[in-house]
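Student: Sequence:
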Amino acid sequence: MPQPTAAPSPFRSREERERDREEKREAVLRAAVRMFNARGFHATSLDDVAASLGISKPTIYHYLGNKEQVLIECVTRGLELLSEAADTARAQPGDGLARLRSVLRSYAQVMMDDFGRCVVRTGDEFLSAEGAALFRARKRAIDLSVRALIEDGIADGSIAPLDVRMTAFTLAGAINWSGRWHDPDGALSAEQVADSMVDILISGLAPRG
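Residues 1 to 209 (UniProt numbering) make up the sequence shown, in order.
FYI, nobody ran anything at the bench for these hints, they're computed from the structure. Do not rely on the hints blindly, as some may be mistaken.
[Unchecked claim] Computed list of lysine-lysine pairs in DSSO-like fashion (alpha-carbon distance at most 30 Å, straight line): (1) K24 - K139; (2) K57 - K67; (3) K139 - K67.
Here the structure is a predicted model, which means the values were calculated and not measured.
Turn these sequences into a full structure, and let the hints guide you.
Tutor: Structure (structure tokens):
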């Protein structure tokens, strides 16, 4: 005779509650960053974000805080992705040029993602003094990581002896701009655009015979 199955518990576990909270928080954050990117920070209200999700504005306060805190979370996510790409590239084998190629490719893909777009489309003038200082410090750390890879390549001979600071600014400027012009619904994917852009940029760094 088959044994009766136990009825499911009406109470969710702590892990289930945490997972549900994170999923809701992520949905709010993703809706907010897309609206910031499409409309601009000043032209977007938390009421707009709440309406797009069918929730109340206090729900956004509960998960993320006020409007500036939402923006800081968005740009922090983008900057963390860039920082992770730089750290991963520096740990890879190969010469400096190969590792720089790796980080630039990842960098470009991040710039064409929602959170990367927010980094390049949002100036620190929208933030409080404390928020702006944090924003600049994180961007500075990424810039220094790229410079270190360029210096490695110059030292091992895989990159021409260029001005490191100017080279880093030029590479970042070119890649950052993709966050403004790339169309996610266009003919080319972010991966395809990243490959093409990085091939063009890297070709100007290799030593001349």
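Student: Between K57 and K67, does the CA-CA distance stay at or below 30 Å?
Tutor: 10 Å, holds
Student: Are K24 and K139 close enough, with their CA atoms no more than 30 Å apart?
Tutor: Roughly 28 Å between the alpha carbons, so the hint for K24 and K139 holds.
Student: Take a quick look at whether K139 and K67 sit within 30 Å of each other, Cα to Cα.
Tutor: Status holds; Cα separation ~21 Å.
When each numbered hint is compared with the structure, no violation occurs for any of them.
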